[in-house]
Amino acid sequence: MKSLAPLCNLLLMIMVSIWTVLLWDPALLALLLALELGLLAVAGQLGKLAKALFGLFMVAMFFAAIQLPFDVAVATAVASGLKMMVMTVAVLLMLATTRLPSLTAALVRQVRIPYEYAFMFTSALRFMPDFIAESHAVREAQVCRGYVHSKNPLKRIVAYAASVEPMVLRAITRSDTMAMSLELRGFGSVNRTFSQQIAFQTRDYLMVGFLALVTAAVIVCR
Amino acid sequence: MEAVRFEDFSYQYPKTGQGLDRVTLSVPQGSFTVVTGTNGSGKTTLCLAMTGLVPHFFGGAMSGRVMVEGYNTADRAVADTAANVGLVMEDYESQLVALTVFDEVAFALENAAVPAHLIRDRVLAALESVGLAGLEERELSALSGGQKQRLAVASVLVSRPAILVLDEPTSALDPEGAADLYELIARLNREQGITVVVSEHDLARALPHADSVVVMAAGRVALAGPLNEVLTRMLSEQVYDAAVPSLRRLKAALETEQRQFSAWMTAGEAAAEINACLKSTRRLSLSA
Chain A
1 MKSLAPLCNL
11 LLMIMVSIWT
21 VLLWDPALLA
31 LLLALELGLL
41 AVAGQLGKLA
51 KALFGLFMVA
61 MFFAAIQLPF
71 DVAVATAVAS
81 GLKMMVMTVA
91 VLLMLATTRL
101 PSLTAALVRQ
111 VRIPYEYAFM
121 FTSALRFMPD
131 FIAESHAVRE
141 AQVCRGYVHS
151 KNPLKRIVAY
161 AASVEPMVLR
171 AITRSDTMAM
181 SLELRGFGSV
191 NRTFSQQIAF
201 QTRDYLMVGF
211 LALVTAAVIV
221 CR
Chain B
223 MEAVRFEDFS
233 YQYPKTGQGL
243 DRVTLSVPQG
253 SFTVVTGTNG
263 SGKTTLCLAM
273 TGLVPHFFGG
283 AMSGRVMVEG
293 YNTADRAVAD
303 TAANVGLVME
313 DYESQLVALT
323 VFDEVAFALE
333 NAAVPAHLIR
343 DRVLAALESV
353 GLAGLEEREL
363 SALSGGQKQR
373 LAVASVLVSR
383 PAILVLDEPT
393 SALDPEGAAD
403 LYELIARLNR
413 EQGITVVVSE
423 HDLARALPHA
433 DSVVVMAAGR
443 VALAGPLNEV
453 LTRMLSEQVY
463 DAAVPSLRRL
473 KAALETEQRQ
483 FSAWMTAGEA
493 AAEINACLKS
503 TRRLSLSA
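Residue numbers (our numbering), protein chains in the order written: chain A, 1 to 222; chain B, 223 to 510.
Source of the hints: derived by calculation from the structure; they are not laboratory data.
Here the structure is a predicted model, which is why all the values come from computation and not from measurement.
Treat each hint with caution, since some may be false.
[As the list claims (entries may be wrong)] Examples of chain B residues toward chain A, derived with CB under 8 Å: (1) 273; (2) 275; (3) 321; (4) 325; (5) 333; (6) 336; (7) 337.
Note that CB positions come from ideal geometry on N, CA and C, so glycine has one too.
All chains should be modelled from the sequences, with the hints used to inform the complete structure.
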């Protein structure tokens, strides 16, 4: 999948989601899930995502189990849980096998989404590790000044709220610096180019054809 | 020829009112200039004015003008001035906006609509020049502070500016990282002829590479000129003299006793001359 064009990966994710909405057979959904996990393994991402996938599995199980007391058939409940899992894994698969800058370029040039919106998405991801590091630093500073983190969930929420203020102030300063950086580097120019290769190759067209055939088959069989 | 010229330039930020006060200054092409002064003396504003961010980005009131490579910054868009002047800000981490090293350096070229087939070569050359070759696919979150600083320099150099401005570039670096960065900047200055302006508190780091110094105080240029002349005046006129490195103080103290030394650029040169001076003093006292 890493060799496919980003838009092709995006289409694959969308098509899998459509199939998932249309299918109610737990066996077929399980097969779809197995295929996704196989693709993740081929892409070398299965190990990295194992923890997240296990968490997702537990949520899906819970989602299925919570329906049983309401006279929902076991097969339907299992299918619901599987649907949720298949759709989420499809998103994970797309993100794990597509370079985000390439996806941004595809969204802007091929889907015609304004660059500013696509940039907002990537820059949010860019600063996520920084915000997490800052949140740790703020909490460490609180501990250094005698704050004891309670095990009471309500008190923990209050403690998090106390760390929000310095983080927001820092974020505002950051956004100023970033805005200056963008200004200096000509952000917002009309004739922007992209260095990423996003053009469709033969394999992408073949994949799109395959996706169309499967989608048609799923609709007909239903 | 001057790379940057401030002509009686005054500026006030919209809210605080502080800024620059009747600054007249000339930065020669190909020079390595260190701007120093206390916190709030106007160093950062001076750097921002060279890029046009002051006044374009901040607004506020101004008079006089700043000429960069012959262009008045007030008459040009910031992105156009950035083709001549590259700025590495003090908070260089927030200056970086992309997810990977390659995309960070390519960002300005993409915005400038450089054809895609030319971008790769220019990005690789910029990364090579700052010693980050081979890290193109590395995510920014996986870089060290020193590497991020170098990346910020590369992301500016890729636009091939004639002037490189760095605002307190070593404030977040360890001594080794700071020394490496100054070696890099000095090499760019020496080999590529890039005019360098560095705002810096720690003069001992910058002086081995600098040829001129500007001392700011309360938004004004207190002293400006060739390195040794300004250092001597900083001590004699007690203008931000606490910042003068100890070796330079020692030299000044010895020179008041009629001893003459050459213009030291490194601690090694200083040690050699002081040793020679001590030996001659000892010989004189023995013969007496």
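Ascending list of hint numbers which this structure does not respect: none
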